[in-house]
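Below, each chain spelled out in residue letters.
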Amino acid sequence: MTATAGRKRIWSYWRFYLALSPFYVLFAVFGLYPMLSTIVLAFQRWDGLSARRFTGLDNFAFLIKDPTFWQALENTVVLFLMSTVPTLVLALVLAVMLQSAVRFTNVYRIAYFIPNVTSLVAMAIFFSSIFSTNFGLVNAALRSLGIPQQDWLGQPWGIKIAISTMIVWQWVGYNTLIYLAGLQAIPKEQYEAAKVDGAGAVRTFFSITLPQLRPVVLFTVVMSTIGGLQTFTEPQVMVGNSGGTGQSGMTVVLFFYRAAFLDNDYGYAAAIALSIFALVLLFTAINWRIFRERGENR
Amino acid sequence: MELSRRTLLGGFAAVAGTMAGGALVGCSSGMDAGTTTKKNAATELTMWCWPGGLGKSVLDDTIAHFPDPKIKYSEIGGDFKQKLVTTFNGGTSIPDITGLKGEDIASLLPQADRFVDLKTVGADAVLGDYLEWKVKQATTLDGKVIGLPIDVGPTALYYREDVFAAAGLPSDPAAVAEQLKTWDAFFEAGVQLKAKNPKALLVWDATDLYDMVVGQGTERYISQDNKFIGDQDHIRKAWDTSVKAMTLKIDGKTPSGSPDWNAGLDQGTVPAHIGAAWVALDIKSAVKTGAGKWRLAPTPSGPANFGGSFLAITKNAADPQKAFDVIKYMLSPDNEAKAFADAQIFPSTPAAYDKPQLKAADKFFGGQVPIDVFGPAAKAIPVAYQSPYDDSVAAPFHDELKTVQSGAKTSDAAWSAAVSKAKAIAKRQGVQ
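Going line by line, the protein sequences match chains A and B. Counting from 1, one number per residue, gives the positions in the first sequence under UniProt numbering. Counting from 1, one number per residue, gives the positions in the second sequence under UniProt numbering.
Here chain A stands alone, though its shape is the one from the complex (with noise of 0.2 Å):
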């Protein structure tokens, strides 16, 4: 074949490319070149107006030093693993139970899937007073049961179980919706040979559900991992952008925020915004391996 038959093939598909277009060129003005921009800003020094200023790598030399990421850092991880865990925990006991449900199934789906779809601002506020000390329903229903009421969103403990609290109620229903299509695919002959063979419900579990679940599972967890580690606006209008009591609501990408249009430190934002990247990267691929080698060694 010469070069030009070889040329001439690949343009006889314009109108494929053509058809493809409108993807890549919406994701290189809006994807691509903020991203490598992004790069770029990293390595300077800009607040906004002004003119950059190249500083190499100044910004991650202060990152390295500053306390706040690392505490931001810290407090990522550990709401990550407060709300993911409890989540596909309860997606997965909430899937099977209406796995197995006769009546009002759809009522049921479209019950959990709501709070997926209602606007996290709203129920940041709504959370918020849930959680509120004085006049709170949580509080509320521990003085009824003779418990001294908390100071939820005044302690550092409390404004993490306040966040995560939100975080699960947001996304079991949209794991559990996962996991049931998940389990729809599981062929009933197995189940069926389970029950001739006389296996219990937990043992037909742990031996036929979750194994053929497992695809499903590593990915809600990765979905989650990158969800996760971008966690914002929960922290943001329950503690506002300081992060509350002792900043243990202040997440890497609150911290980003904080950093870019409050302080006006576009390329500090930037370097902290590639951090994150890194963070999401690394954890998808301990995700990855874990989840493929179990899989494999099977």
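FYI, nobody ran anything at the bench for these hints, they're computed from the structure. Keep in mind that a hint or two might mislead.
[Unchecked claim] Once the Cα atoms are required to be at most 30 Å apart in a straight line, the calculated DSSO-like pairs of lysine-lysine come out as: (1) B:Lys237 <-> B:Lys199; (2) B:Lys244 <-> A:Lys160; (3) B:Lys227 <-> B:Lys56; (4) A:Lys160 <-> B:Lys363; (5) B:Lys199 <-> B:Lys284; (6) B:Lys427 <-> A:Lys65; (7) B:Lys56 <-> B:Lys39; (8) A:Lys160 <-> B:Lys196; (9) B:Lys194 <-> B:Lys136; (10) B:Lys423 <-> A:Lys65; (11) B:Lys409 <-> B:Lys136; (12) B:Lys83 <-> B:Lys249; (13) B:Lys136 <-> A:Lys160; (14) A:Lys65 <-> B:Lys363; (15) B:Lys249 <-> B:Lys227; (16) B:Lys421 <-> A:Lys160; (17) B:Lys322 <-> B:Lys83; (18) B:Lys194 <-> B:Lys288; (19) B:Lys101 <-> B:Lys328; (20) B:Lys181 <-> B:Lys83; (21) B:Lys421 <-> B:Lys227; (22) B:Lys227 <-> A:Lys65; (23) B:Lys363 <-> B:Lys288; (24) B:Lys199 <-> B:Lys227; (25) B:Lys328 <-> B:Lys227; (26) B:Lys136 <-> B:Lys288; (27) A:Lys65 <-> B:Lys421; (28) A:Lys160 <-> B:Lys423.
Given chain A, work out where chain B should sit, using these hints.
Below, chain B alone, put in the same frame as chain A:
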């Protein structure tokens, strides 16, 4: 700003996308020093402000008063400063006249060359009409004035007359003003109130109080010659005052605007609040049962200022002189009095305090005339230099004070952590 979650590409893009606000903008402005010389067209006078920033009747009247060129007003919601900065960087559609918020003005002073020095268009003739300390906020160190004040936010002590009386405290505004003159006297009253009425805590939130005390001083965190002074006595005094309220256990730990604060105002468990003139609107909307029982007294140890904004003219204005005529007209004492009647925008011109709109008695405050408290307060606010980095440097002090409030740290440990964090931030910004 909301981040997309749980979609692989979405998550990937979100990392980049959150930065797009800064980054996209950044590159379009290029590397130039930032003085845009491209003038707007002279056919229209564009004006930007945020919702509720200007009185409606004043705005309508001004638009009618200046038919040529026609004023085109845009109300910009959301993060106003961010949108203004983005537009500056974009280089097109920059308004001729723009509002600037009080909390943003310090960080915009280094950008004075993007704005018209109002002294070059005849501001000298009117600057004397405005509160001196407020004009100073919009004045650069080399004497350029970039904004004419719209409003100010002098503070006062709001309190429940009936709750005070029931606890044996003075309840008449004059008597309260006489007795609660200093923070010590105020705290003493708080202890007395708590003894009689354990649910009523006089200090709504001690960390809020800290900002009040800082605002009462003539120095803040960074001095005029760009030195860090946040570790000095004036800040430590504010810190200790706040901590004292905590140790006396008269700290209600209810930040203003929180659900507890709103409910407490209504039910009498937040019997007092110290806040700017505009807080009256928040209190009025929170209170359903106690209307008529609230009163106003001067802030213990003297007034501070919270909020208050400016109108500025950008270098892009085709006719700065005409633009100045417009803002001079809008912000005349007569119009400021009207804006107060419209939307409680507290005038920055003392002459307005004698106008009938401000002299009106307020039923919510039991027929008290609020201007009798706020007027003298506005005139007595101390002049403090505010550095562009003031807010960034102040943040660790707020954060650490909260750990004292929650009992997680001792006052001294939190103080030294706050100072060292603030110093690091200041150093990064080039403060000595």
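Hint check results:
Restraint check for lysine 237 of chain B and lysine 199 of chain B: satisfied, since their Cα atoms lie roughly 28 Å apart, inside the 30 Å limit. As the CA atoms of lysine 244 of chain B and lysine 160 of chain A are separated by approximately 28 Å, the hinted pair is consistent with the 30 Å bound. For the given pair, lysine 227 of chain B sits about 43 Å from lysine 56 of chain B by alpha-carbon distance, which is inconsistent with the 30 Å threshold. Restraint check for lysine 160 of chain A and lysine 363 of chain B: the C-alpha separation of about 43 Å exceeds 30 Å, so the hint is violated.
Taking the CA atoms of lysine 199 of chain B and lysine 284 of chain B, the gap is near 21 Å; set against the 30 Å cutoff, the hint holds. In summary, the hint linking lysine 427 of chain B to lysine 65 of chain A is supported, as the alpha carbons are separated by about 13 Å, within the 30 Å threshold. Of the pairs offered as hints, the one joining lysine 56 of chain B and lysine 39 of chain B holds, with about 29 Å between alpha carbons and a cut-off of 30 Å not exceeded. Simply put, lysine 160 of chain A and lysine 196 of chain B have alpha-carbon atoms about 36 Å apart, too far for the 30 Å limit, and the pair is violated.
With a CA separation close to 41 Å, the supplied pair lysine 194 of chain B and lysine 136 of chain B exceeds the 30 Å bound. Restraint check for lysine 423 of chain B and lysine 65 of chain A: the C-alpha separation of about 13 Å stays at or below 30 Å, so the hint holds. Taking the CA atoms of lysine 409 of chain B and lysine 136 of chain B, the gap is near 38 Å; set against the 30 Å cutoff, the hint is violated. Proximity of lysine 83 of chain B to lysine 249 of chain B is assessed by CA-CA distance (about 43 Å); at most 30 Å being required, the pair is judged violated.
Note on lysine 136 of chain B and lysine 160 of chain A: the hinted pairing is violated, with a Cα-Cα distance of about 42 Å set against a maximum of 30 Å. Between lysine 65 of chain A and lysine 363 of chain B the alpha-carbon distance is near 56 Å, which puts this suggested pair outside the 30 Å criterion. A threshold of 30 Å between alpha carbons decides the hint, and for lysine 249 of chain B with lysine 227 of chain B the separation of about 36 Å lies outside it, so the pair is violated. Restraint check for lysine 421 of chain B and lysine 160 of chain A: satisfied, since their Cα atoms lie roughly 23 Å apart, inside the 30 Å limit.
A threshold of 30 Å between alpha carbons decides the hint, and for lysine 322 of chain B with lysine 83 of chain B the separation of about 25 Å falls inside it, so the pair holds. The suggested pairing of lysine 194 of chain B with lysine 288 of chain B holds, with an alpha-carbon distance near 24 Å, which does not exceed 30 Å. Pair hint lysine 101 of chain B plus lysine 328 of chain B holds up; C-alpha atoms about 18 Å apart against a cutoff of 30 Å. Restraint check for lysine 181 of chain B and lysine 83 of chain B: the C-alpha separation of about 42 Å exceeds 30 Å, so the hint is violated.
Between the alpha carbons of lysine 421 of chain B and lysine 227 of chain B the distance comes to roughly 15 Å, so the proposed pair stays at or under 30 Å and holds. About 22 Å separates the Cα atoms of lysine 227 of chain B and lysine 65 of chain A, which keeps this hinted pair within 30 Å; it holds. About 14 Å separates the Cα atoms of lysine 363 of chain B and lysine 288 of chain B, which keeps this hinted pair within 30 Å; it holds. Straight-line distance between C-alpha atoms of lysine 199 of chain B and lysine 227 of chain B comes to about 44 Å, which puts the hinted pair past the 30 Å bound.
With a C-alpha separation of about 36 Å, the suggested pair lysine 328 of chain B and lysine 227 of chain B falls outside the 30 Å cut-off, and the hint is violated. Note on lysine 136 of chain B and lysine 288 of chain B: the hinted pairing is violated, with a Cα-Cα distance of about 39 Å set against a maximum of 30 Å. Under the criterion of a C-alpha separation no larger than 30 Å, the hint pairing lysine 65 of chain A with lysine 421 of chain B is consistent with the structure, at around 11 Å. For the given pair, lysine 160 of chain A sits about 28 Å from lysine 423 of chain B by alpha-carbon distance, which is consistent with the 30 Å threshold.
The structure fails hints 3, 4, 8, 9, 11, 12, 13, 14, 15, 20, 24, 25, 26 (numbered hints given earlier, in ascending order).
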